[in-house]
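*Asks:* Those protein sequence lines, which keep their order, are chains A and B.
Heads up: the first sequence begins at 1 in our numbering, then just goes up one per residue.
Heads up: the second sequence begins at 1 in our numbering, then just goes up one per residue.
Please keep in mind that the hints were generated in silico from the structure rather than gathered at the bench.
Keep in mind that the hints are not guaranteed to be accurate.
For lysine-lysine, the following DSS-like pairs were computed, each having C-alpha atoms within a straight-line distance of at most 25 Å [said to hold, decoys possible]:
no., chain 1, residue 1, chain 2, residue 2
1, A, Lys340, B, Lys313
2, B, Lys107, B, Lys18
3, A, Lys354, B, Lys269
4, A, Lys233, B, Lys349
5, A, Lys238, B, Lys233
6, B, Lys349, A, Lys269
7, A, Lys313, B, Lys269
8, B, Lys313, A, Lys339
9, B, Lys240, A, Lys313
10, A, Lys238, B, Lys354
11, A, Lys347, B, Lys238
12, B, Lys233, A, Lys233
13, B, Lys240, A, Lys233
14, B, Lys354, A, Lys269
15, B, Lys269, A, Lys349
16, B, Lys313, A, Lys240
17, A, Lys313, B, Lys233
18, A, Lys354, B, Lys33
19, A, Lys313, A, Lys269
20, A, Lys240, B, Lys349
21, B, Lys238, A, Lys349
22, B, Lys354, A, Lys233
23, B, Lys354, A, Lys240
Which residues of chain A face chain B? A partial, calculated answer using Cβ under 7 Å [to be verified]:
no., residue
24, Gly217
25, Gly282
26, Gly285
What follows is a list of derived Cβ distance ranges for each label pair [stated by the list, open to error]:
no., chain 1, residue 1, chain 2, residue 2, range
27, B, Thr376, A, Lys347, 47 to 55 Å
28, A, Asn208, B, Arg209, 20 to 28 Å
29, B, Ala273, A, Tyr266, 57 to 65 Å
30, A, Pro428, B, Tyr247, 58 to 66 Å
31, A, Pro265, B, Glu276, 54 to 62 Å
32, A, Ala270, B, Ile358, 28 to 36 Å
33, A, Lys347, B, Tyr266, 30 to 38 Å
34, B, Leu242, A, Gln308, 24 to 32 Å
35, B, Arg209, A, Pro90, 20 to 28 Å
36, B, Arg209, A, Gln308, 15 to 23 Å
Cβ coordinates follow ideal geometry from the N, Cα and C atoms, glycine included.
2 protein chains.
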Amino acid sequence: MILDFIDQNKSRYEDELKAFLRIPSISTSPEHKGEVRRCAEFVSDELKRIGLQNVGIYETAGHPVVYGERLDGGAGAPTVLFYGHYDVQPVDPLNLWTNPPFEPTIKGDNIYARGSVDDKGQVWLQLKAIEAHLRTNGALPVNVKVMIEGEEEIGSPNLDKFLADHKDLLACDTVLVSDTPMFGYDQPSLCYGLRGLCYMQVEVTGPNRDLHSGFFGGAVANPINALGVMISKLKDEKGKILIDGFYDNVVAITDRERAEFAKLPYDRKAFMADLETDATPGEEGYSELERMWTRPTLDCNGIWGGFQGEGAKTVLPSKAHAKISMRLVPGQSPEEIAKKFEAFIMKIKPAGVKVNVIDLHGGMPAMTPIDSRGMTAARKAMHEVFGKEPFLTREGGSIPIVNSFSSILGAPTVLMGFGLPDQDAHSPNEKMNLNNFHRGIKCGALFFEYMKA
Amino acid sequence: MILDFIDQNKSRYEDELKAFLRIPSISTSPEHKGEVRRCAEFVSDELKRIGLQNVGIYETAGHPVVYGERLDGGAGAPTVLFYGHYDVQPVDPLNLWTNPPFEPTIKGDNIYARGSVDDKGQVWLQLKAIEAHLRTNGALPVNVKVMIEGEEEIGSPNLDKFLADHKDLLACDTVLVSDTPMFGYDQPSLCYGLRGLCYMQVEVTGPNRDLHSGFFGGAVANPINALGVMISKLKDEKGKILIDGFYDNVVAITDRERAEFAKLPYDRKAFMADLETDATPGEEGYSELERMWTRPTLDCNGIWGGFQGEGAKTVLPSKAHAKISMRLVPGQSPEEIAKKFEAFIMKIKPAGVKVNVIDLHGGMPAMTPIDSRGMTAARKAMHEVFGKEPFLTREGGSIPIVNSFSSILGAPTVLMGFGLPDQDAHSPNEKMNLNNFHRGIKCGALFFEYMKA
Numbered sequence: 001m002i003l004d005f006i007d008q009n010k011s012r013y014e015d016e017l018k019a020f021l022r023i024p025s026i027s028t029s030p031e032h033k034g035e036v037r038r039c040a041e042f043v044s045d046e047l048k049r050i051g052l053q054n055v056g057i058y059e060t061a062g063h064p065v066v067y068g069e070r071l072d073g074g075a076g077a078p079t080v081l082f083y084g085h086y087d088v089q090p091v092d093p094l095n096l097w098t099n100p101p102f103e104p105t106i107k108g109d110n111i112y113a114r115g116s117v118d119d120k121g122q123v124w125l126q127l128k129a130i131e132a133h134l135r136t137n138g139a140l141p142v143n144v145k146v147m148i149e150g151e152e153e154i155g156s157p158n159l160d161k162f163l164a165d166h167k168d169l170l171a172c173d174t175v176l177v178s179d180t181p182m183f184g185y186d187q188p189s190l191c192y193g194l195r196g197l198c199y200m201q202v203e204v205t206g207p208n209r210d211l212h213s214g215f216f217g218g219a220v221a222n223p224i225n226a227l228g229v230m231i232s233k234l235k236d237e238k239g240k241i242l243i244d245g246f247y248d249n250v251v252a253i254t255d256r257e258r259a260e261f262a263k264l265p266y267d268r269k270a271f272m273a274d275l276e277t278d279a280t281p282g283e284e285g286y287s288e289l290e291r292m293w294t295r296p297t298l299d300c301n302g303i304w305g306g307f308q309g310e311g312a313k314t315v316l317p318s319k320a321h322a323k324i325s326m327r328l329v330p331g332q333s334p335e336e337i338a339k340k341f342e343a344f345i346m347k348i349k350p351a352g353v354k355v356n357v358i359d360l361h362g363g364m365p366a367m368t369p370i371d372s373r374g375m376t377a378a379r380k381a382m383h384e385v386f387g388k389e390p391f392l393t394r395e396g397g398s399i400p401i402v403n404s405f406s407s408i409l410g411a412p413t414v415l416m417g418f419g420l421p422d423q424d425a426h427s428p429n430e431k432m433n434l435n436n437f438h439r440g441i442k443c444g445a446l447f448f449e450y451m452k453a
Numbered sequence: 001m002i003l004d005f006i007d008q009n010k011s012r013y014e015d016e017l018k019a020f021l022r023i024p025s026i027s028t029s030p031e032h033k034g035e036v037r038r039c040a041e042f043v044s045d046e047l048k049r050i051g052l053q054n055v056g057i058y059e060t061a062g063h064p065v066v067y068g069e070r071l072d073g074g075a076g077a078p079t080v081l082f083y084g085h086y087d088v089q090p091v092d093p094l095n096l097w098t099n100p101p102f103e104p105t106i107k108g109d110n111i112y113a114r115g116s117v118d119d120k121g122q123v124w125l126q127l128k129a130i131e132a133h134l135r136t137n138g139a140l141p142v143n144v145k146v147m148i149e150g151e152e153e154i155g156s157p158n159l160d161k162f163l164a165d166h167k168d169l170l171a172c173d174t175v176l177v178s179d180t181p182m183f184g185y186d187q188p189s190l191c192y193g194l195r196g197l198c199y200m201q202v203e204v205t206g207p208n209r210d211l212h213s214g215f216f217g218g219a220v221a222n223p224i225n226a227l228g229v230m231i232s233k234l235k236d237e238k239g240k241i242l243i244d245g246f247y248d249n250v251v252a253i254t255d256r257e258r259a260e261f262a263k264l265p266y267d268r269k270a271f272m273a274d275l276e277t278d279a280t281p282g283e284e285g286y287s288e289l290e291r292m293w294t295r296p297t298l299d300c301n302g303i304w305g306g307f308q309g310e311g312a313k314t315v316l317p318s319k320a321h322a323k324i325s326m327r328l329v330p331g332q333s334p335e336e337i338a339k340k341f342e343a344f345i346m347k348i349k350p351a352g353v354k355v356n357v358i359d360l361h362g363g364m365p366a367m368t369p370i371d372s373r374g375m376t377a378a379r380k381a382m383h384e385v386f387g388k389e390p391f392l393t394r395e396g397g398s399i400p401i402v403n404s405f406s407s408i409l410g411a412p413t414v415l416m417g418f419g420l421p422d423q424d425a426h427s428p429n430e431k432m433n434l435n436n437f438h439r440g441i442k443c444g445a446l447f448f449e450y451m452k453a
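Here chain A stands alone, though its shape is the one from the complex (with noise of 0.2 Å):
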């Protein structure tokens, strides 16, 4: 009965996205700041028309974040937290877009306009499924709160403030995100797990100044030679990593997780010939998806020291300075891993040179479990509509407001997204395929569902 509604109002639905679409919610852009606030209150308007109570534009000391909230299901109910955002990126290069990035238009499935997909498109399929319970039954099944920030294109300054600052209000069971890519078309998937971070810089220092490699070549300890040495130091020939400890905490991946990995459509020779390179190294034992997903890694994401002009400058350097990263993986936290590695760094430090090392960021890994209560409603959801069993993935990078409503609100995230990776989310020609918004719409009202049972 509400899938059919759905369908029977497919129209309308992109016609209001159209309208929101139209906005110019350019977040970075401070001659934007006005069509930024009038697209909060539109999006507080349509939060208040489909039935939503306690609806508020909340300040920040940037962009406002617009609240509604619905708590039909009474206090033993579960409650999910819907974020999403309502700014988008900006359009350079302009004359790259083959329809102006604010005036949407569909060309076969799919409709064009900056924040199609990312993530206008993703937050109205939401409000349509919510709106979809409320006209047919008078009802959500579950409480539901509903957070869309402004900011998120700018890395979400105020967000975490935001959350403590309002933690009873936002407090939730799960947080249901739609901001990523599925897999393929017609190849569902959910995320359930991010790696985090623990990004260090090491300094070298040999001599106090730089020298003349002719004279002092052989007496001196040379900081790149030594950096050298302590990099190929951090992991052995089968891409194991060295530092003391490291694995002592590390969740390991179970078979069912391996089973439904090995179901993805991973292609190694186009995987390689993607990146022109004739081998995909890394840890033994695993495969690259699980190498990139559930394993740790360890980077040099810059190196510099000494003489890096043109030509032959015969100079012993003084100083060499690396850039060296670590994804983590749940059980791991950036606090203890950088201890370890700074450790490990003081440990094999050659003779003759200094060390020091800095903490530059980090951040913690995140898991969703499979078999959670959210996960179970999305998997649920997802193979009704689709047809067929979403893939259970998980990703190597990290999304930093996971990790915000994990410490802050305590709650566990299901990344459910009806994206495509093709669709330019960043770039001129942004998109969003039309079946997979009307999807996502049937996808939404079912997860509301299934939290239920």
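Fit chain B to the supplied structure of chain A, relying on the hints for placement.
*Replies:* For chain B alone, kept in the frame of chain A given last:
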């Protein structure tokens, strides 16, 4: 008799030197071109005045070379080519000079002026040695040729062509250069060996573009890590270079050389304190001086790749680069070592990266045998004038003109210099010790004498 003559002419020598030093012959400065020319004429006039023959100012693409000769020794006698330069370094920063750089001023035992020690004072002392022979004996004991160039401070860009174009004119058995420092005051020394150079650049390419270290980390070769591993494989923990065949042709240090170096007042603690380091790592089995002077080395001179700015950019870079140079010792050639370096790099290259090796620059090592005629004459001369046997030293750097004399003229070079390590050759308040200036004249005079024997 000749030494008495030299003693009696001290004040005239100093007055003449002052006149030479007053000419601002800054070779790097276009607006001083006329002064450089005037200085060449000043030298040419002096060569004629003291009695040299066939004196001429030879044009080059840059500043001219002044030449003169006196072939009194006849056909069977050895021929010495004295080389020096009449051009000087710039004078900035002028405000740090306590007297104007081209108004030579005597304070205590020193004469202060730009060019005083590098190299006008040392050119003049050899011309005075020649003059002393001609004034007291009417002839020189051996054939003497004098070549004074005007582009040493800009790297002698036209000297090789000049040597090649005038091979017969410049043909000689030994080249004499006075442009280096002694080990210390009252510590005469003779440098008889210089190291060569093989300077390479290594470019490592992993994926064809910079990647997100979260998405790809774990399944892609990192060119910085790969470069670190390669650098670590170039030397073992005892400082031995591991490139296949690297030491094949090295001429080993002799017991006599070790004994000579052991006489030098080298102070390890002072060496380490000056560089603010707590170790002097290098090849096992050799002292610091032996390592810096007689053993080949391998040092990274520069390294760069990936993100080098402030903060934490999570890039998995496409490329990394290093400049790696090797100091060579007699027996080795840059061509040989460049080939062996490249072959070894290709052998140790990890999977998944491409490596490109570029040969940037090379220079031959040089050695003048301790018991050669020129070295023996110089040792005897210094011993007599200083009242002690000179230290025998080698040097870790290169002096390109010495290679040119060797490769183009086929003659070894005697580096009999009278500078001191603290005479600020390229800095404000350059000075020359006048006692050494006068001792240098005597050494020069006796050198020509002992070359005959």
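*Asks:* With reference to the structure, classify each hint as holding or not holding.
*Replies:* For each hint, the structure was consulted:
no. : hint                             : in the structure
1   : A:Lys340 to B:Lys313             : holds (21 Å)
2   : B:Lys107 to B:Lys18              : holds (13 Å)
3   : A:Lys354 to B:Lys269             : holds (18 Å)
4   : A:Lys233 to B:Lys349             : holds (16 Å)
5   : A:Lys238 to B:Lys233             : holds (16 Å)
6   : B:Lys349 to A:Lys269             : holds (22 Å)
7   : A:Lys313 to B:Lys269             : violated (28 Å)
8   : B:Lys313 to A:Lys339             : holds (21 Å)
9   : B:Lys240 to A:Lys313             : holds (23 Å)
10  : A:Lys238 to B:Lys354             : holds (19 Å)
11  : A:Lys347 to B:Lys238             : holds (18 Å)
12  : B:Lys233 to A:Lys233             : holds (11 Å)
13  : B:Lys240 to A:Lys233             : holds (18 Å)
14  : B:Lys354 to A:Lys269             : holds (18 Å)
15  : B:Lys269 to A:Lys349             : holds (22 Å)
16  : B:Lys313 to A:Lys240             : holds (23 Å)
17  : A:Lys313 to B:Lys233             : holds (23 Å)
18  : A:Lys354 to B:Lys33              : violated (48 Å)
19  : A:Lys313 to A:Lys269             : violated (42 Å)
20  : A:Lys240 to B:Lys349             : holds (18 Å)
21  : B:Lys238 to A:Lys349             : holds (15 Å)
22  : B:Lys354 to A:Lys233             : holds (21 Å)
23  : B:Lys354 to A:Lys240             : holds (22 Å)
24  : Gly217                           : holds (4 Å)
25  : Gly282                           : holds (5 Å)
26  : Gly285                           : violated (12 Å)
27  : B:Thr376 to A:Lys347: 47 to 55 Å : holds (54 Å)
28  : A:Asn208 to B:Arg209: 20 to 28 Å : violated (39 Å)
29  : B:Ala273 to A:Tyr266: 57 to 65 Å : holds (59 Å)
30  : A:Pro428 to B:Tyr247: 58 to 66 Å : holds (59 Å)
31  : A:Pro265 to B:Glu276: 54 to 62 Å : holds (58 Å)
32  : A:Ala270 to B:Ile358: 28 to 36 Å : holds (33 Å)
33  : A:Lys347 to B:Tyr266: 30 to 38 Å : holds (32 Å)
34  : B:Leu242 to A:Gln308: 24 to 32 Å : holds (26 Å)
35  : B:Arg209 to A:Pro90: 20 to 28 Å  : holds (22 Å)
36  : B:Arg209 to A:Gln308: 15 to 23 Å : holds (21 Å)
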